[in-house]
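Below are the chains, spelled out letter by letter.
There are 2 protein chains.
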Amino acid sequence: MKLYNYFRSSASFRVRIALELKGLAYEYRAVHLAKGEQKQPEFTALTAEGLVPLLELDDGRRLTQSMAIIEYLDETHPQPALLLADAAGRARVRALAQIVACEIHPLNNLRVLKYLVHELKVGDEAKNAWYRHWVRLGLESYEAQLAAQPATYSHGDAPTLADCCLVPQIFNAQRFDCDLSGLPRTMAVFEACMKLPAFQRAQPSACPDFEA
Amino acid sequence: MKLYNYFRSSASFRVRIALELKGLAYEYRAVHLAKGEQKQPEFTALTAEGLVPLLELDDGRRLTQSMAIIEYLDETHPQPALLLADAAGRARVRALAQIVACEIHPLNNLRVLKYLVHELKVGDEAKNAWYRHWVRLGLESYEAQLAAQPATYSHGDAPTLADCCLVPQIFNAQRFDCDLSGLPRTMAVFEACMKLPAFQRAQPSACPDFEA
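Going line by line, the protein sequences match chains A and B.
So the first sequence is numbered by this note's numbering: it starts at 6 and just counts up by one.
So the second sequence is numbered by this note's numbering: it starts at 6 and just counts up by one.
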């Protein structure tokens, strides 16, 4: 498998975590988003969307959208499970993942921040306030969900799809100096995850294309 | 089951379509987003997130996040299937759904538009340009995916999770006068869906809380 991705892309980071948790080897193909490599013909020939992550399977098929990729990996390589055996547990794990993937991250990714700055002429301070607003709102929802059913990880005593989404979001939040106080369960889950070698190996600073 | 939702919420509309496709009866509970009812204690007592749709099951459990709800319905009421039997098909259907649910809709929902207007002081014209920009970008990706594997519906010859997400997005795009030219496959899928009674029954104008 080849994973087209970028060290700082949090959607890429989600997939790297899933691959590491499952112990699946993959070829790392860097697509430098800040340099616009996702818009170059070499990459758009692979995926019209021009988005990372893109997972190319050994048979040449290409999968897009990080949550869909992780569910595919989970179905085709079931151990360790990143979703659960029961429908109610899966619904909760997916809903947690989607708090990050549908409520926080889409508002804060690079192309959106660029639109704010270049098209809407939003200044740095207002851009950072926007970023922090959506992070905070989403993580408060996440915290409330965790408080209702506390566990070591986001759901239960092993990492799931939800943790694959949460951890990269916390990395981003820290990078943008977001207020992470008052989120004790969320931060405890984050710390539990970061004790695991899979999360360590997947993090931006462990990537071949990492830039400080 | 009780579906807490709002006629104009496109995430609510997704779940209504799934319920109708599966022929599942539900109690319609209106939450008037424009009047802020999602922030009232009656609703936040049910879900800290204060987001619709919220599906309350007969045993009292409450499910959030539209895609997670639809997958739950599909797992617990398998016929007709809204995802497919094969992992590759499911990955494609989920990726299509996520183009809408992660790339378009989060940028254009009511609370984001309110932030643009009230916090960033964005004018009407720039707000509409923002809306149309993300719709267009996402639907062009959707069109490219459909062109690579054409069918009557988004994937294959029956509606799936992807169509549950696409159709409400097209309704929104039309309401905001987005340019839908040059998207022949996407619009043909939309029209095929709207010929089905389930999509007709789920649409905003068929909802008890509809306002013209």
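Check the hints yourself; a few may be wrong.
[Unchecked claim] Listed below are several chain B residues computed to face chain A (Cβ distance under 8 Å; list not exhaustive):
id : residue
1  : 27
2  : 46
3  : 70
4  : 73
5  : 76
6  : 92
7  : 96
8  : 107
9  : 108
10 : 111
11 : 112
12 : 117
13 : 131
14 : 133
No wet-lab data here; the hints were simulated from the structure.
Only a predicted model underlies this, so the values are computations on that prediction, with no experimental measurement involved.
Built from N, CA and C at the ideal position, the CB exists for glycine as well.
If you test the structure against every hint from before, which numbers come out violated? 1, 2 and 14
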